[in-house]
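Here the protein sequences line up with chains B and H, keeping their order.
Residues in the first sequence are numbered consecutively from 1, following our numbering.
Residues in the second sequence are numbered consecutively from 1001, following our numbering.
Hints are computed from structural coordinates only; laboratory data are not their basis.
It is possible that part of the hints are untrue.
[Claimed, not checked] Pairs of lysine to any residue, SDA-like flavour, derived with a Cα cap of 25 Å:
(1) B:Lys-20 / H:Ala-1354
(2) B:Lys-20 / H:Ala-1316
(3) B:Lys-20 / H:Ala-1350
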Amino acid sequence: MTDSIFALIAEELGRIAADKGEALPPLTADSRFLDGDLPIDSLDLATLLVVLEQRTGQDPFREGFRQFTTVGELAALYTVPA
Amino acid sequence: MTGRRPDWLHPAFRLIEGEDSFVWADLAELPVPAGGVVQADRPSRVLAALAAAEAAGQGVLLARGAADPEGWQPGPGFTVTLESSGTTGTPKRLRHDFARLRGRLRGATEGGARWLLTYDPGAFAGLQVMLTAAAARALLVAVPGGSGGTVAALAQAARRHAVTHVSGTPSFWRAFLMALGDAELPLAAVTLGGEAADQPLLDRLAARFPDARLRHIYASTEAGALFAVADGRAGFPAAWLDDAPDGLALRIVDGVLEVRSPRAASGTADCEGWLSTGDLVERQGDRVLFAGRLDGLVNVGGVKVSAEAVERRLLAVDGVADAMVVAVPSPITGHLLTATIVAAPGLDEATLRAGLRAAAADLPPAARPRALTFADHIPLSAAGKKSRKGPQ
Chain B
1 MTDSIFALIA EELGRIAADK GEALPPLTAD SRFLDGDLPI DSLDLATLLV VLEQRTGQDP
61 FREGFRQFTT VGELAALYTV PA
Chain H
1001 MTGRRPDWLH PAFRLIEGED SFVWADLAEL PVPAGGVVQA DRPSRVLAAL AAAEAAGQGV
1061 LLARGAADPE GWQPGPGFTV TLESSGTTGT PKRLRHDFAR LRGRLRGATE GGARWLLTYD
1121 PGAFAGLQVM LTAAAARALL VAVPGGSGGT VAALAQAARR HAVTHVSGTP SFWRAFLMAL
1181 GDAELPLAAV TLGGEAADQP LLDRLAARFP DARLRHIYAS TEAGALFAVA DGRAGFPAAW
1241 LDDAPDGLAL RIVDGVLEVR SPRAASGTAD CEGWLSTGDL VERQGDRVLF AGRLDGLVNV
1301 GGVKVSAEAV ERRLLAVDGV ADAMVVAVPS PITGHLLTAT IVAAPGLDEA TLRAGLRAAA
1361 ADLPPAARPR ALTFADHIPL SAAGKKSRKG PQ
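Working from the sequences, and respecting the hints, build out all of it.
Dropping the structure here:
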């Protein structure tokens, strides 16, 4: 598990939820993005990916879509800077 | 209440709307909307209103809350008026003759199909799904709530009712695949429409639902359903420029796709019957691929939005010295609008963010700029213009 990416996702998801006046439940690697666990919709998820690219300089989807359902699976798509 | 069952509604058609279930007898009990205006937020209301309007021989307006229905006239004869979900300016209304609208439905559904409604019941695409299901011995599964319900609720309903036929935008499908996880779904038909279908998504859907018939449909409000592509490849065959299916003619003029269709709404084409779709296309080998909109609109989760129009709003906010709104590609929603803001001297960011949020608050969610960043200047292209396209 890539802890720093996980923390970054938690921080930015919290911000996106707060902007909508929603509170984020405790996040785990198994939290699923779009099946009702989290108060976010697909536009929020798209926003998260843009922000992650801004903050990490990485776009794991540049070469096409990669399947992910949970927070842990998304975190694993980013490489941690050494 | 409405009497006789209309001939476009099969006696064995059934609708499930959240926890409620309807057959024709239940729909006939629903109140008839006054003045021919129905709030088109539930399929039950829409189907009941269509039946009532047909029985009364007058028009019906499927209102989506975007404009004041005051002063709208039903007019003579059974017509259906749809409101566009436009994000720029006032929504457009287009009146359709019902018989012609039904003529555009693509084929009959085999009996026993279980459809999931992913579109707004007042949208053209939503009406097509409802009428297709209603005409057959089919089940239509709907989730009340904006734009056909949340993807999570739609995925739950899909599993619970084991739907077999799902039609949605590419953005819907990307989110739906995520919400579905590994759940089994007995899909026989997977249909995409409303945005250009990209090859990676078509490949994922073919792999995820190997037994389903995979089609992407090209349609426009003015021209109706134009064609369906069933070979699993993005775009359409270049051979169709010489010989198009379904009585259509297709041509490319200055990079824009033009069509001549027997199913176009009246009064939308030029005197020779050609209608510009406003869609930019590129011929690549044996394929014609879609390459965005002539008017600069981009598709965000199935909603056409204008980066320029949103940028003008942000520029009008107190304390904004400059602003640039760009559409960046998104693996989830196709595109997403993002904004870079230059603040006037001495303004604090929190105040400015509140003002920016307020300026976008009445836009549809898809048109609101996301991931706002602050900068001390806006980079310009070599030609001295804001580089609208964003990073590709």
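A quick look at each hint next to the structure:
| no. | hint | in the structure |
| --- | --- | --- |
| 1 | B:Lys-20 / H:Ala-1354 | 12 Å, holds |
| 2 | B:Lys-20 / H:Ala-1316 | 23 Å, holds |
| 3 | B:Lys-20 / H:Ala-1350 | 15 Å, holds |
Checked against the numbered hints above, the structure breaks none of them.
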